[in-house]
Amino acid sequence: MIALLRTRHSVLPGFTLSFSLSVLFICLVILLPLSGLAMHVAGMGWDNYWGVISHPRSLASFKVTVLSAAGASVINAVVGLLLAWVITRYRFPGRRLMDALVDLPFALPTAVAGLTLAALFADNGWLGQWFSIAGVKVSYSWVGIMIAMSFTSLPFVVRTVQPVLEDLTPDVEEAAATLGASPTASFFKVILAQLTPALLTGTGLAFTRSLGEYGAVIFIAGNLPYETEIVSLLVNIRLEEYDFASASALASIILIASLVLLFGIQSIQSRLTRRWRGG
Amino acid sequence: MSIQVENIRKSFGAFTALHDISLDVPTNQLVGLLGPSGSGKTTLLRIIAGLERADGGRVLFNNEDVTHLDARRRRVGFVFQQYALFRHLTVADNIAFGLRLLPRAERPSRGDIRDRVRDLLGLVQLDNLAGRYPAQLSGGQKQRVALARALALKPEVLLLDEPFGALDAKVRKDLRRWLRRLHEQISVTSIFVTHDQEEAMEVSDKVVVMSQGRVEQMGSPLQVYEQPASRFVFDFLGHINSLEGLYDGHNWRSGDAFLRLDTQGACPDGALTLYLRPHEADLAAAPTEAAHLPVRVAGRSVFGGTVTVELEPQGWGGEVLEVELDRVRWDALQPDRQPALYLLPRRLQTVTCDGDLGPQVAPA
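Note that the protein sequences, when read in sequence, are chains U and L.
Convert by adding 1 to the 1-based position in the first sequence; the result is the number in the numbering used here.
Convert by adding 1 to the 1-based position in the second sequence; the result is the number in the numbering used here.
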């Protein structure tokens with residue numbers, strides 16, 4: 002079996018060992034918990050399941066989560082592209098620091114981020130006071146949720162776009178210029194067009210991450226049922242009520258959405274880039 | 002369209018890439034900019050295209066000053082060494098790129114663009130690859146697509162930066178012949194950059210030899226080869242053998258070797274270096290009165306009708322010499338049976354002690 006999988010002789014030995022360990026790890030850490038979840042859900046019957054997920058409070062939380070995540074992804078697509086552009090195209094003092102700071106949301110415990118954001122955007126916080134003058138309520142509203150989500154998922158966009166951007170050679174833009182392209186036309190028809198798959202992937206990953214974000218969001222969201230309650234929080238509430246079945250049902254929806262999105266992104270991206278790479 | 006370059010200067014920081022370059026390229030000529038890397042030839046080409054700004058001087062197209070025009074307004078076709086194709090577009094879309102960007106008033110209709118693309122694909126002999134993506138093409142095909150794309154807007158000036166530099170020898174040779182023919186078919190003034198002497202000689206109407214940011218010589222390929230204006234040009238065009246020795250007014254000597262040379266007083270007594278092109282010498286079993294240069298065969302390579310022989314000087318000189326002989330001549334010589342061989346130069350280029358080129362001489 003393993004001999005069949007080995008398609009090419011490698012100079013480094015150890016395929017059997019490394020392959021087995023990888024499979025074992027994936028089973029233990031990813032597949033086992035997932036099947037636990039599936040078993041919980043399977044045990045509750047279709048009617049119960051449907052009852053939980055179609056409950057108005059659940060539907061409201063789905064709506065809040067998906068809309069905020071979508072908003073956060075759009076913000077990140079724009080800001081992330083800009084950041085990646087600035088980091089790859091310009092040389093300025095502090096560029097390395099900026100590059101390193103992009104990863105901060107990955108490194109920072111999300112609860113810390115949530116607390117900080119909540120303090121900043123509270124009605125009397127540094128930033129929140131200006132927003133409240135303008136009549137925009139950030140804390141305890143979906144705007145706050147969106148900001149928290151975009152904070153934690155920004156690196157996905159930057160880190161997927163950055164390498165592709167570094168790969169684009171200046172001669173392609175020069176070629177566009179000698180063919181009469183204005184800088185704007187060059188940007189949209191040459192650079193952005195080539196970045197689309199990476200940008201799509203990054204934004205999709207950011208969206209998926211935002212769907213499941215918990216720590217950063219709950220501090221700023223206010224968590225009002227039907228209004229600013231996200232799905233992950235609802236799952237947590239059900240767990241605290243020892244209602245494992247409902248918690249699993251809700252969690253399964255997030256899980257299915259994430260899986261569908263991940264596979265979708267993967268297939269769109271590979272379809273877009275396969276021909277470009279010469280498949 | 003004629004191209005004039007007047008007193009162009011360009012520095013990158015402390016490095017001067019171009020010192021006061023002036024050139025005149027008549028309409029519809031194909032000119033090769035030839036020089037080693039770092040000679041400034043690519044910089045000059047990029048300045049003509051408007052991709053680089055000169056520090057001083059002017060560029061004129063048909064006597065019209067274009068120095069301050071952007072690349073996109075100069076309407077030149079430019080072909081890059083690494084092709085610079087748009088990898089997200091098909092071959093046909095790559096070629097149509099410039100046409101589709103034209104302002105509405107000038108833009109051809111969809112059907113006309115399609116026809117134009119088909120014509121160009123025919124011109125570069127890639128008719129059946131219209132739907133492919135650049136990554137699916139070979140290097141030679143990519144470069145032809147790049148050329149078709151550059152020609153799509155019917156430019157009157159075509160600039161090529163080492164167009165065949167990234168291709169293998171066989172494809173290179175085919176493509177440069179094809180470029181030569183293409184240039185005869187369409188009316189366009191072309192300048193191409195190359196560091197390959199053979200390529201420049203074969204393709205160009207005129208060759209411009211550059212070195213260290215200066216033009217060393219401009220002329221027809223034959224002129225540049227036969228009457229080099231400087232030691233650099235002589236040195237750069239093809240392989241040369243350098244013979245170092247002392248001259249006493251009649252004879253040039255180095256160890257056991259001598260040559261009887263009449264320079265008619267052009268070369269002072271003392272150190273005298275002689276340049277010998279590989280094809281301007283013969284080998285014989287015996288020395289002559291005018292030439293005594295004993296050598297031993299150190300290696301040979303047979304390729305086509307020519308035999309390239311490596312010779313080790315016996316009792317004189319230093320480095321190994323390279324001579325090209327006709328194959329028939331080489332076989333007639335029966336070199337394996339000869340106890341000794343003697344080099345007989347037919348023509349030598351003298352280099353005086355101050356490094357300039359002296360007269361060309363023959364032993365007599």
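Any given hint could be a false lead.
[Said to hold, decoys possible] Among the chain U residues that face chain L by a calculated CB cut under 8 Å, a handful are: (1) GLU175; (2) ALA186; (3) ALA258.
[Stated by the list, open to error] So the derived label-pair ranges between C-beta atoms look like this: (4) U:ILE31 with L:GLN126: 50 to 56 Å; (5) U:MET99 with L:ARG115: 54 to 60 Å; (6) L:ALA167 with U:ILE54: 19 to 25 Å; (7) L:ASP357 with U:LEU83: 58 to 64 Å; (8) U:VAL79 with L:ARG181: 48 to 54 Å; (9) U:THR197 with L:SER110: 34 to 40 Å; (10) L:GLU203 with U:LEU83: 36 to 42 Å.
[Claimed, not checked] Where chain L lies over chain U, by a calculated footprint (3+ residues, C-beta under 8 Å): (11) 116-127; (12) 148-162; (13) 176-183.
Hints in this document: simulated from the structure, not taken from any laboratory.
Owing to the predicted nature of the structure, the values given are computational and were not obtained by experimental measurement.
Even for Gly, the Cβ is constructed at its ideal location relative to N, Cα and C.
Those earlier numbered hints the structure runs against, lowest number first:
3, 5, 6, 9, 10, 11 and 12
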